[in-house]
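Q: One-letter residues, chain by chain:
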Amino acid sequence: GAVVSQHPSWVICKSGTSVKIECRSLDFQATTMFWYRQFPKQSLMLMATSNEGSKATYEQGVEKDKFLINHASLTLSTLTVTSAHPEDSSFYICSAPLVSNYGYTFGSGTRLTVV
Amino acid sequence: QKEVEQNSGPLSVPEGAIASLNCTYSDRGSQSFFWYRQYSGKSPELIMSIYSNGDKEDGRFTAQLNKASQYVSLLIRDSQPSDSATYLCAVNYGNQGGKLIFGQGTELSVKP
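Protein chains in written order, with my numbering: chain A, 1326 to 1440; chain B, 3 to 114.
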């Protein structure tokens, strides 16, 4: 139980285009979703926190106009990387806290490559 | 700035040995602590969670928490080559379900 389905698992896009990443909670309602970015050989860096029905909260240094987060329903949160550049190439992972315990469930991640 | 610090690694141990992974955190108000294992290109996989001072054992894994020292560790007994991965320490800041902050990870290599 408590599965977050993340799509796509990998995507290649051209510089200047936008890419949308979806995280869908399959068997529970995710009122909160955390979005992380991970560069090679580095840890997961929290980018933003999305809450259903309200604006996302971005971590310091993360451009809110570049990384658009939408959490319009209790089962879907999306991250759109706008005007992507090669330096945005990274592994993006979503995570939702679990009400039943103090744990968290993670999406399978999206490998974004901008060429 | 809330921080989570881990041994930089890489850590190399022979098969069958005990691997010891350490983590310190900056916020005394932290309530929940997690150890994740991550393989390259994959999402983190939960190994252990710990919330109270002391030891928590699960199979070959033991997590140790010392809130006074703001220190949490993970011991892996009888290490196997399949344990080779990056181990991430993560700390929950705030209330249940609050943001999870990760350490930089320790790469573990278990040599046959």
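Derived by calculation from the structure, the hints in this document are not laboratory data.
Given the structure is predicted, the values throughout are model-derived calculations rather than measurements.
Hints are not guaranteed to be accurate.
When the alpha-carbon atoms are kept at most 25 Å apart in a straight line, the in silico SDA-like pairs for lysine to any residue are as follows [claimed, not checked]:
| id | chain 1 | residue 1 | chain 2 | residue 2 |
| --- | --- | --- | --- | --- |
| 1 | A | K1366 | B | N55 |
| 2 | A | K1366 | B | V15 |
| 3 | A | K1366 | B | S54 |
| 4 | B | K44 | A | S1379 |
| 5 | A | K1389 | A | V1440 |
| 6 | B | K44 | A | R1349 |
| 7 | B | K44 | A | K1380 |
| 8 | B | K101 | A | V1440 |
| 9 | B | K58 | A | R1349 |
Covered by chain B, per the in silico footprint, the following chain A stretches (three or more residues, Cβ under 8 Å) [stated by the list, open to error]:
| id | segment |
| --- | --- |
| 10 | 1366-1379 |
| 11 | 1429-1440 |
Backbone N, C-alpha and C fix where the C-beta goes; we use that ideal spot for every residue, glycine too.
Q: Determine for every hint whether it applies to the structure shown.
A: Quick rundown of the hints versus the structure:
Taken as a hint, the A:K1366 and B:N55 pair is broken in the structure, with Cα atoms around 31 Å apart against an allowance of 25 Å. Between A:K1366 and B:V15 the CA atoms are separated by roughly 20 Å; this keeps the pair inside 25 Å, and the hint holds. Between the alpha carbons of A:K1366 and B:S54 the distance comes to roughly 31 Å, so the proposed pair goes past 25 Å and is violated. The hinted pair formed by B:K44 and A:S1379 fails the criterion: a straight-line CA distance of about 30 Å is larger than 25 Å.
With a C-alpha separation of about 22 Å, the suggested pair A:K1389 and A:V1440 falls inside the 25 Å cut-off, and the hint holds. For the hint pairing B:K44 with A:R1349, the CA-to-CA distance comes to about 18 Å; that is within 25 Å, so the pair holds. Of the pairs offered as hints, the one joining B:K44 and A:K1380 is violated, with about 29 Å between alpha carbons and a cut-off of 25 Å exceeded. Distance hint between B:K101 and A:V1440 is unfulfilled; the C-alpha atoms sit about 32 Å from each other, more than 25 Å.
A distance of roughly 32 Å separates the Cα atoms of B:K58 and A:R1349; the hinted pair therefore is violated under the 25 Å criterion. For the segment 1366-1379 of chain A, the proposed coverage by chain B is satisfied: 6 residues have a C-beta within less than 8 Å of a C-beta in that chain, meeting the threshold of three. Interface restraint, the segment 1429-1440 of chain A with chain B: holds (6 residues with C-beta to C-beta distance below 8 Å; minimum three).
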